[in-house]
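Line by line, the protein sequences are chains H and L. Residue numbers for the first sequence follow our numbering, beginning at 361 and rising by one. Residue numbers for the second sequence follow our numbering, beginning at 40 and rising by one.
The hints are simulated quantities; they were obtained by calculation from the structure and are not laboratory data. Heads up, some of the hints might be wrong.
To be verified - Have a look at the derived ranges for each label pair, beta carbon to beta carbon:
1. D572/H x S206/L: 46 to 56 Å
2. P404/H x R180/L: 22 to 32 Å
3. D177/L x H402/H: 21 to 31 Å
4. G392/H x A209/L: 49 to 59 Å
Claimed, not checked - A partial selection of chain L residues facing chain H, derived with a Cβ cut-off under 8 Å:
5. A68
6. D100
7. A156
8. P191
9. L198
Even for Gly, the Cβ is constructed at its ideal location relative to N, Cα and C.
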Amino acid sequence: MAVNTASDAPITEWQGSIEDIKNLVTERALTGETMLLNMGPHHPSTHGVLRLLLELDGEEIVTCLPDIGYLHTGIEKTIESKTYEKGVTCTDRMDYLSPMSNNAVFCMAIEKLVDLDVPERAQVIRVICLELSRIASHLVWLGTHAIDLGAMSVFLYCFREREKILDMFEMLSGQRMMGSYLRPGGVWRDLTSDFMPALESFLDDFPRRVDDYEKLLTSNPLWLDRTQGIGVIEPDVALAWGISGASLRGSGVNWDIRKAMPYSGYEQYDFDVPLGEHGDVYDRYICRIKEMRESHKILRQAVKRLPSASGGFRSDNRKFVPPPRAELGQSMEAVIHHFKLWTEGFSVPDQEVYVAIESPRGEIGCYLHGTGGTRPRRVHFKTPSFMHIQAIPEMSRNHMIADLVAIVGSIDIVLGDCDR
Amino acid sequence: MVNIDPAKNPVEVLNSAIPGVVQDVVEFAGETTIVVDPQQIIPVMRVLRDTPGLIFNFMSDVSAVDYWEPGGVYDRPGRFAVCYHIYSMLYNVRLRVKVYLDEDEPEVETVSTVWPAANWLEREAMDLMGITFLNHPDPRRLLMPDDWHGHPHRRDTPLGYETVQFSFNAEEIMKHKPFAKE
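Produce the entire structure from the sequences given, and follow the hints as far as they go.
This is how it looks when you write it as structure tokens:
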């Protein structure tokens, strides 16, 4: 078959149908008065594969149409073909910046369905993992948000600190990025001997590092110009559009699931929920910076709590949790449970639950429906990035295209979190 | 000092506001599921959102379930269900409202007029489960390409499988690969 080269290809008119977007953009776009421009799917400041179809009047945004689905991984469908425990390893591929949060919400949904207990020590270890995840995720957000607005050095500093957290995750789970460490009934294994010294050293060091980031940005006139009064989202609009997490708290709405519906023993920790006043990009920035300090406070308390916490790192319920390796040599019961759990898995009632936790990005919810057998009927994750991308048109209207970069950065989206 | 109405029981409120709308109430693991008539979903949601003592002001999630089992059987009032997970920030209460939908014409009115947040959640359910949300403001596919046939989250859609290609069977497998045909 002959291939047309650029030189001999006839120059033709655009063949697409303008009818497809007729009701979604203004009439001015159809007459050519405003310009239609694609930002993405692969644009550095869309933080993943996100296409934003923009209708521009000069540099001013008239309409913004987010288009997702480029990363659709089919994780929910995949989990439906796996046993519950094996499904856990799929969940951390969704929000790849905070895999532990996804692990946690899926494990908690399973625990709620089968009424499985989690020992106190496992709860404390979970809190440590979740808060380290929050810091690691916020560091990527801060670094990339700053680089979007032209500040290079913050990015390098943030990744330097994040590296230490990834090292700790590697000690726990053997994986730097996709550590499937949390399991139904607790965690995979106990903390390794080198974990606590690494955590202590990180905790000693971290507050000074946050001071450094703040020195670079918080009262930097360029940063203030680019962020204050930009992408304002009123509290009632934020609630109507389902925005959650720090993006909602930047608008002054005091809702943190760790406080409202505590899980993993969060009610025993002393921490504050930072709130913004204006709901602009700057307030969302300040909220997350303060959140990192609060996470540090929680981690300090968790480290103190750990030695006195009772129970092991995982539940003793043999119907759901495999026995320790050492027992297999002595106990026939242990062999039977081990065999049943790894070949067939455990059965879950034909009921449904919805569990939500506070991930670094906001409310991540897991709707889990059992069949009475060993595989789920339906798993659906409500993820914060999905809701936040939906609200980008609300936030970006009448802003400049350069402000859109600041807005997208400020709501902290991860596209893996959006297209499951 | 703001006077806040005491929290009310959503089932009682619904029963007195729209008699006969509640078809079933299921309590499991501390969660309440209210099964309602799909024809009445908009008035139900408005009552839940606006009644003092309920104020479910936050739409957490819209999930669709397919109860199909191999052999085409299902033991529910309808093959599909849509679960609305709503949350009252004032009273710190979560609630699941559920509607069962017919196998042949799974359709229900959109609630994106009550909570705009439902817009994309419904588009996702429409795309992946094939449920029609009537009067939806933007009924395009969300995750799958526009020309995609079928709804991948239905239980009768099988997961794809690709034969593993080794050096000894490479040529044989290349013959059957689903490359685009000219």
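Exercise. How about L198/L: closest beta carbon in chain H under 8 Å, or not?
Worked result: At about 5 Å, which falls below the 8 Å cut-off, the nearest Cβ of chain H leaves the hint on L198/L intact, so it holds.
Problem set entry | Proposed interface contact between A68/L and chain H, which counts if any beta carbon pair is under 8 Å | holds, 5 Å
Exercise. Was the hint right that D100/L lines chain H, CB cutoff 8 Å?
Worked result: holds, 4 Å
Exercise. Hint check: is the beta carbon of P191/L less than 8 Å from a beta carbon of chain H?
Worked result: holds, 6 Å
Problem set entry | Evaluation of the interface hint that places A156/L against chain H, nearest CB under 8 Å | With Cβ-Cβ at 3 Å, under 8 Å, it holds.
Problem set entry | Verdict for D177/L, H402/H (Cβ pair) under range 21 to 31 Å | holds, 24 Å
Exercise. Does 46 to 56 Å hold as the CB distance between D572/H and S206/L, or does it fail?
Worked result: holds, 54 Å
Exercise. That 49 to 59 Å hint for G392/H and A209/L (C-beta), does it hold up?
Worked result: holds, 52 Å
For this session: Given the range 22 to 32 Å, decide if the beta-carbon distance of P404/H to R180/L lies inside it.
Result: holds, 27 Å
Every hint from the earlier list agrees with this structure, and none is contradicted.
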